[in-house]
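Peer 1: Given next are the chains, with one letter for each unit.
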Amino acid sequence: MKWTLLIAIAIVAFAASVVFGPAAVPLSELARSDIVWNLRAPRAVLAFLVGGSLGVAGAALQALVRNPLADPFLLGLSGGAGLGAVSAIALHLTGPWALPLAAFVGALAALGLVYRLGLIGGAGGALDPRILLLGGVAVGAFAAAITTAIVSLADAAELRNAFLWLWGGLSAASWQAVLLVALYVPVPLLVLVAAARPLDLLALGEEPARYLGADVDVVKRRVYVAASLLTAAAVAVSGVIGFVGLVVPHIARLTWGHRHRALLPAAFLGGGALLAFADTLARTVVAPRELPVGVVTALIGVPVFAFLLRRWSIA
Amino acid sequence: MRRLLFAVLVFAGCRPSDRPAVGPPQRIVSLLPSFTEILFAIGAGDRLVGRTTWCDYPPAARDVPSVGDGMPPNIEAVAARKPDLVVLYNSGPNVTAAQQLERLGIQTVLLELNRLEDLGPATRRLGQLTGLGHAADSLAAAMDSLSARPPPTPTTSIAFVVWDNPPIIIGRGSYLHQLAALAGARNVFDDIAAPSAQVSLETIAARNPQWIAVLADSTETPSFAKRPEWRSVHAVRDGRFLLLPGTLFGRPGPRSAAAVRELRARLSR
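Residue numbers (the numbering used here), protein chains in the order written: chain A, 1 to 315; chain B, 316 to 584.
Hints listed in this document are in silico derivations from the structure and should not be mistaken for laboratory results. Even glycine gets a Cβ: it sits at the ideal position worked out from N, Cα and C. Honestly, I wouldn't trust all of these hints.
Claimed, not checked - Label-pair ranges, simulated between beta-carbon atoms: (1) A:Arg-310 / B:His-549: 48 to 54 Å; (2) B:Gly-338 / A:Leu-101: 56 to 62 Å; (3) B:Ala-509 / A:Ser-152: 24 to 30 Å; (4) B:Arg-487 / A:Val-12: 33 to 39 Å; (5) B:Arg-464 / A:Ser-152: 39 to 45 Å; (6) B:Thr-534 / A:Asp-34: 28 to 34 Å; (7) A:Ser-152 / B:Lys-541: 26 to 32 Å; (8) A:Leu-204 / B:Pro-387: 52 to 58 Å; (9) A:Leu-153 / B:Arg-487: 46 to 52 Å.
Produce the complete structure using the sequences and hints provided.
Peer 2: Take a look at the structure:
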């Protein structure tokens, strides 16, 4: 029943984001319209893939660092991506794909740095989740400081707009971007789903997980890298879209419990549905203007979350 | 006693800027390219002792020392020029900057300059302040007639793209909208009252402007022209870009009429 409902919500959210948009396209011409086919449809698919990836990455990272506040962007990736994007603009790297590529490289650099820091705490190749969290915040803050320094020192007027890009949005959706993401995300997604059972054990604590036969160190490394790779791809194609990776995993956990085999797919569908729906609202409610999609994900996600928290604490 | 009290009151009422000026200011810092252009146009260019890095016109403006980009103004750099008048654009950070300059005993003036109709009043005010009222009045009159001119019936349509991701365009509230209207082009986003706004790409595609205008100092088509999603916009696919140099088109000023003529010429090409 829960699954039927979730799948129905996901389908409705996806369909709505193809059918509704600021440009009036009659239903009969939906399939033939260039606007729908080349702009709206890829944007809907991309929203779903990005939202789903953020949902799964958030769920996995929350289990890994055993902190309910964990969010895909907490571990320094948004700072790294922002620095990459701003550097690309400051260095006048032109070309249609310069910005997303630079953001991706920046996110990967942050990932590597935080990973390296995380290894310092644990002995013998073990990641220390606390150091991971603190290292992520530190690397993120450092990258953000350099970004701000570049923006205030360089005189390129476009730099101010780099922040707009960073705040997130799906304006750059195209079938090419969809293809790239669709080829890329299944790998980290499968790695995470394969780690579902050890993630369940990890939630009990590292010692118990070890006694129950999980190779804790390997799992932690694998989960951290896979979740971060998902986030890096998301930030490269759509900037930093907040709340999806924080709120959706919690909603899924409140509904499906702590078993990651169910939790991760639910977080994917839920995240995809939330972002597709939020993006539809972002494009339509103030048309012809558009809202930043992160605003909408927060406006929807937070009240739903608060409602569920209340029900949960009463129960 | 009463006389003493009066003197105290007068003294208390006197903020540094209210000091009776001995004559028109002789050391002026301009913190907006438009003001620099206007000051040169009314004959006060030789009194400029400071400008922003953006003040690049007339060419003589480049000989004036720069005090930084002016966003926000660097108070110390401005004060170091020992100005007796600082002209600022009326914005939040500039109000704070003006207060700080006044505290240092430097006279300031904050002027609106967002649209064509602001040009006349700003020019007259600068004329009064500099004692060059006569030259300023005739320039202001020409500016007023430009802003009062009824726009011709549009023969083409245009969208000003400020940024591509997310797409940000120019609305009715902008000076650029006025330029386009006077040049005979309908801004396809004339229903947006704000100077600029974020819109969806599909809205741009659906409104199908004949031209995409971009403020750019290069002659290369912007890199978003090669992005697959932008190719759904006909004008982008057909390469119908207007690359408008920011120094002429990006600011209201004495050359606004020239900008209108230039835009009209480019639209009919």
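Peer 1: Compare the structure with each hint and give your call.
Peer 2: Here is what the structure says about each hint:
1. A:Arg-310 / B:His-549: 48 to 54 Å: Since the Cβ atoms of Arg-310 of chain A and His-549 of chain B sit about 51 Å apart, the hinted range of 48 to 54 Å holds.
2. B:Gly-338 / A:Leu-101: 56 to 62 Å: Distance hint for Gly-338 of chain B, Leu-101 of chain A holds at roughly 60 Å.
3. B:Ala-509 / A:Ser-152: 24 to 30 Å: holds, 26 Å
4. B:Arg-487 / A:Val-12: 33 to 39 Å: Since the Cβ atoms of Arg-487 of chain B and Val-12 of chain A sit about 36 Å apart, the hinted range of 33 to 39 Å holds.
5. B:Arg-464 / A:Ser-152: 39 to 45 Å: Hint holds: Cβ distance 40 Å, inside 39 to 45 Å.
6. B:Thr-534 / A:Asp-34: 28 to 34 Å: Holds, since Thr-534 of chain B and Asp-34 of chain A (Cβ atoms, about 29 Å apart) stay within the stated range.
7. A:Ser-152 / B:Lys-541: 26 to 32 Å: Once the Cβ atoms are compared, 30 Å apart, the range 26 to 32 Å for Lys-541 of chain B and Ser-152 of chain A holds.
8. A:Leu-204 / B:Pro-387: 52 to 58 Å: holds, 54 Å
9. A:Leu-153 / B:Arg-487: 46 to 52 Å: violated, 35 Å
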